Structure formats: C-alpha cells, structure tokens
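Q: What follows is each chain in one-letter form.
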Amino acid sequence: MTATTLFGLCGAVLVGTGLFGLITDPAPLRKILAFNLVGGGVFLIFGVVARHGATAGVAGDPVPQALVITAIVVAFAATALAVALLQRLSETADVVTLSADGGKKAGHVEQGSP
Amino acid sequence: MPVIVPSIEVTQAENAVLVLSIAVPIAGILVSFAVSSRWTERVVIALLPVGLGIAFAIFMAVWTTGVPVVYLVGGWGPPLGITLRADGLSAAMMLTTALVVCVIAVFAHADFHTPEGETDARAPFAFWILLLSIWSAMNLVCLGNDLFTLYVALEVLTFSAVPLVCLDGTAATLRAALRYLLYAMIGAMLYLVGVALLYGVYGALDITILSQRVRGDMATSVAIAAMTAGLLAKTALFPLHGWLPPAHAGAPSAGSAALSALVVKGSFFIVVRLWLDVAPALPGSTGVQLLGALGVAAILFGSVLALVQQRLKLLVAYSTVAQLGYLFLLFPLAFDNGSGRLEGGDALTGGMLQALSHATAKAAMFMAVGLMYAALGHDRLADIKGIARALPVTVWAFALGGMALIGLPPSGGFLAKCFLLAVTVRSGQWWYAIAILAGGLLTSGYMVLFLSRAMAPAREPLKLCATIPRHRQDAVLALALFSFLLGLIALAPLDVLQVGRPAPISVGSR
Numbered sequence: 001m002t003a004t005t006l007f008g009l010c011g012a013v014l015v016g017t018g019l020f021g022l023i024t025d026p027a028p029l030r031k032i033l034a035f036n037l038v039g040g041g042v043f044l045i046f047g048v049v050a051r052h053g054a055t056a057g058v059a060g061d062p063v064p065q066a067l068v069i070t071a072i073v074v075a076f077a078a079t080a081l082a083v084a085l086l087q088r089l090s091e092t093a094d095v096v097t098l099s100a101d102g103g104k105k106a107g108h109v110e111q112g113s114p
Numbered sequence: 001m002p003v004i005v006p007s008i009e010v011t012q013a014e015n016a017v018l019v020l021s022i023a024v025p026i027a028g029i030l031v032s033f034a035v036s037s038r039w040t041e042r043v044v045i046a047l048l049p050v051g052l053g054i055a056f057a058i059f060m061a062v063w064t065t066g067v068p069v070v071y072l073v074g075g076w077g078p079p080l081g082i083t084l085r086a087d088g089l090s091a092a093m094m095l096t097t098a099l100v101v102c103v104i105a106v107f108a109h110a111d112f113h114t115p116e117g118e119t120d121a122r123a124p125f126a127f128w129i130l131l132l133s134i135w136s137a138m139n140l141v142c143l144g145n146d147l148f149t150l151y152v153a154l155e156v157l158t159f160s161a162v163p164l165v166c167l168d169g170t171a172a173t174l175r176a177a178l179r180y181l182l183y184a185m186i187g188a189m190l191y192l193v194g195v196a197l198l199y200g201v202y203g204a205l206d207i208t209i210l211s212q213r214v215r216g217d218m219a220t221s222v223a224i225a226a227m228t229a230g231l232l233a234k235t236a237l238f239p240l241h242g243w244l245p246p247a248h249a250g251a252p253s254a255g256s257a258a259l260s261a262l263v264v265k266g267s268f269f270i271v272v273r274l275w276l277d278v279a280p281a282l283p284g285s286t287g288v289q290l291l292g293a294l295g296v297a298a299i300l301f302g303s304v305l306a307l308v309q310q311r312l313k314l315l316v317a318y319s320t321v322a323q324l325g326y327l328f329l330l331f332p333l334a335f336d337n338g339s340g341r342l343e344g345g346d347a348l349t350g351g352m353l354q355a356l357s358h359a360t361a362k363a364a365m366f367m368a369v370g371l372m373y374a375a376l377g378h379d380r381l382a383d384i385k386g387i388a389r390a391l392p393v394t395v396w397a398f399a400l401g402g403m404a405l406i407g408l409p410p411s412g413g414f415l416a417k418c419f420l421l422a423v424t425v426r427s428g429q430w431w432y433a434i435a436i437l438a439g440g441l442l443t444s445g446y447m448v449l450f451l452s453r454a455m456a457p458a459r460e461p462l463k464l465c466a467t468i469p470r471h472r473q474d475a476v477l478a479l480a481l482f483s484f485l486l487g488l489i490a491l492a493p494l495d496v497l498q499v500g501r502p503a504p505i506s507v508g509s510r
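Chains as they are written, first to last, in our numbering: chain U, 1 to 114; chain A, 1 to 510.
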C-alpha cells in the first residue's frame, strides 16, 4: 500500500464518520463538528488527487492545492456562519434544538435531517 | 486528446458584459459597506435598471446571434483559466432573475426602509446587500463554465440565502435557518467530493472539456452521484425537502420570494448542467428514472401537504416542494432510449420553462401573501374571509400566480406542461403524464380552497391593521401577469433556450 492510497482511505474514513455523525447526532453543535470532519476528509482527498497528478520533477499537481485553499476558506466561512446562528439561537431559545416544535416533545429525535 | 479551446476572438471587449453582470451587484455591496443603510437603498435602486439592462443585453445577444456569448476571464483559456459562457438557458434564466429581483426590490422598499430620523438600520442594510448578493451569485451560477466556479457560486448563494431566513431573529426562524444551512453545507461538501474525483480522473473541470473526455467508469459515476445528491439537498427535492417549508415560510415575504423563486433554481440549474452537459451518456435509464420517481413523489407529497396547511405562507412553501418535482421530470423525459443519452430537446425546453414560470409565479404569490399578512396581521387560512373585497388586486395577483402553477393557458406553466406531456406521449412514458396531470389537479385543489375562503363574505367588516400602498400591489400584479402571459413567448423567442446545445445525435427529436 502506497502512502497515497493510505491517505485516500483516511479521507474516505473521515468523510464516512462525519456523514454518520451529521445524520445521527441531534445536537446542532455536534452536527457542525461532524461537518468539519467531512470537510477534513474531502480536503485530504484533494491532497491525494494533487499527489496522484504529480509529474516528473514536480511533487504534486498545483491545481488541486489552489482549489483546496478556496474550499477551506468557504468551509471555514460556513462553520463561522453556523456557529454564529447557533449562538444567537442559544441566546434566544431555552432549548437548543433543531426540531420544529422547539424540543417540547421529550426525547424527540431529529429525523431525516443531515 | 483533442480539446476545443474557444478562439481568442470570443473574448471581445463587448463580451465583458458577462463579467459586469456579476461585478455590478458586488460593487453595490462594497459601496453599501461604506455608506449608511439609507444610502444602501438608493444604491440598490440605482443598480436595478443597470442589472436589468445587462441581463437584457445578454439575452438579446444570444437570441439574435443564435450562438453562446463566451468570455475568457483575463484572456486565460481553459483548462486553467475560467470561462464565462452564456448559452440560451443562462440568458433566459438571467433575464428572469433580473426581472424577479427588480419586482422584489420595488415590493420590499416599504418593508426594509430605514425609519425616518435614523440614518442607519441593521435589517434594511442586511436585506439589501443579501438581495444583491443573491443576484450576483445567480448570475455566476448561470455563467460559470467550470465546476469549481459553480461550487463557489453555489456557496455564495447559500450564504446570502440563509441569513434572509432569520432576519427577524426569532428562535423559530433561527432554527429554520440553521437547519437550512446544515443541509446546504453537507450538500456543498458532497458536491466538492465529486469535483475532487472528477479532477483526479480527467485533470480538468471545464464543462466543455469534461463533456469531451468523460467516460462511464466507476470514479465518474461516484463523483456525479455525490454531486447530484448534494445538489438535491440544496434544491430540496423530496425526500430532502425537510428544511424548505419552515425556512421559506419563516423568512420575510420579500425574502421568501427570492428564496423560492431564485435560490432553489440555482442548484437545479447546476444539476441540469451536470447531467445534460457534462455527462449526458453516464446516468443511463436507471439514473434518470430515479430522479423522475423522486420528482413524482415530490409533486404528490408536496401538493397533498399543501392542501392540509392551516397557514397561507406554509401552503405556498409546500407548493414549492411540489413544483420543484416537476423540474426533475425533465431528466427521464430528456432521456433518449435509442442513443442512451440525455438529449435536451423539447423536454429541456419544457423543464426550463417550468423553472422560469414557477420563479415568476411563486415570487408573485409569496409577495401577495406578504401583503395579505401585512393587512390582516396573520395568514391563518381559517380567518381570511372577505380579504378579496379588501385587497382585490392582491388576491387577483395570487390567483393569477396560482393559475400559472396549475397550467391554465396562456400561462408559462401551460406551455411547459404542453412540452412535457408531448414528450411523455412521444417517448411512451405515460406514467409521468399521470403525475403531471394529478399535480395540476391537486394544485387547483389548494387554489380553490384559498379562493373560496378569500372570496366568501366576511361576517363582520374586516378590520385591516395597515393600509397597503397601491404601488406594492401593482408590482406584485405585474409579476403575476408576466407569469400568466409567459406562454405567449411561444410566439417569439422560445428557441433561445436551445442556443448552444449540441445537435442531437438521433433523428426525430428536435
């Protein structure tokens, strides 16, 4: 197994773990963290793609590196926006939940939302 | 490998109008940051005719010449440079976007006006720059010709749409906005995985280059599947529609109009680009039938839920879920069994017409609901008796929008359904015809439900808590009328939608 394959598999595992957390975990903050896990995996895959496209004399294809910088900035902005919304929500509401009834139903588990 | 790089002549100076369509709203935002919110309104009002003029100029250029308008940013060609390309679909979409944005701005001026005596107010400032930002991002979605530029455009669209949902800052709308953002974030990540994989396989992201190189291997299939799933979450196609009704019903009416009419169309537009331009041969009949089945489910599910809503705004939001389903019937209907490819043709014309018709009709309907809400102080369907007497123009606008959704002639919806139904017959996929007709029936169901209540005489004279200025009602009516008369474009520039499409391989379909 080469290093590229290993990193690719790591990326896949991160994306999978993140997706699982995003879908199953009802807590909004944990969903945001899970999103960042997915993001980490995707950025790693970009790195693998860059290494994969390496030619003689160049250690990696520069284009995916340029793309991934933009993607990291965008994902960072998304996280910042989500955390800001969450913070405002926790100031406004008593219960921080995403369910439409404001968490009135005890033990209500968020369904169908990633 | 042969790569057709657009010749350098196409970057003529006059094609820089494509860049202007994106840059002008952004320039407005930058100026707004330097001035007070009172001046932000004036900046937006000044930019409206400019943006509309630019969209109109691009539309006319595409229509009269019959070839796409292409601009290479900085003179750098693909695969490294960024190409902006306006074909028929983009031009029609941009013109509709500009029209809708202009009417929304006229409508929203009363709601997001800096109060007398103040020079700076937060909500108006936020609303106006978000509206400009949505406009710019929609133009970039229409023009971007490489998948990564489209990713950036999608994200700008999301980041400007989400705050619109929670402008009033209540817990319910914050919750709706956060739900929307989480769906959109994961959608964007899935799209990004696809971008990485496609770049890894083909070493290019330009749509024109990819369409020549694309093969049906495993990595490509996974990439397209992940990107489609991400885009469906952003478009709110059943069963990923959970975020849409609370978000669209919770936003201020002008915001709902922009979200429902424009923002969900942005991600739909990229699905069309992906399936019809990048990989028309890849999905095969299973893929297109899956999208078609989801579309049918969305039509039935959304319409039935719209019928049982107690609040008018939620009714209109669930109607959006249903109408989005129609858009996805485009894919199975565009599929040509003979060549095994998605061919565009009449199915594409019908699907895109449906998108444009729904954009104008739904914007008008959301704004009409906003006016009724402002007049009554609520939007409970049970208590709207007599509203047709109090606000006749507004109720008429709502009804005209509804008729365009049902598909009565001569509305745009009528023409769109004509095209789609003709293709269902021609391609022998009669079950989609049943879904289209059933959807129309259910739509008339909730329209009749509303109209019968609105027109019923009130027991006691209706007390209005605000008078609605005439120009707001007229602006909404104008947009509804436009949507209702959209079918008449069959007489003129309908072929513009097919500009820049590759010629079909099989004989028989146009």
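Worth double-checking, as some hints may not be accurate.
Okay, the calculated bits of chain U under chain A, using three or more residues with CB under 8 Å as the criterion [said to hold, decoys possible]: (1) 1–9; (2) 15–29; (3) 40–51; (4) 66–78; (5) 84–96.
Worth flagging that the hints you see were computed from the coordinates, not collected in a lab.
Note that the coordinates shown come from a computational prediction; the quantities given were computed from them, not determined experimentally.
Even for Gly, the Cβ is constructed at its ideal location relative to N, Cα and C.
Q: If a hint holds in the structure, say so; if it does not, say that too.
A: Here is how each hint holds up against the structure:
1. 1–9: Violated, because only 0 residues of the stretch 1–9 of chain U bring their Cβ atoms closer than 8 Å to Cβ atoms of chain A.
2. 15–29: As far as the stretch 15–29 of chain U goes, the hint holds, because 4 residues have Cβ atoms under 8 Å from chain A.
3. 40–51: As far as the stretch 40–51 of chain U goes, the hint holds, because 5 residues have Cβ atoms under 8 Å from chain A.
4. 66–78: holds (count 7)
5. 84–96: It holds, with 6 qualifying residues against the three required.
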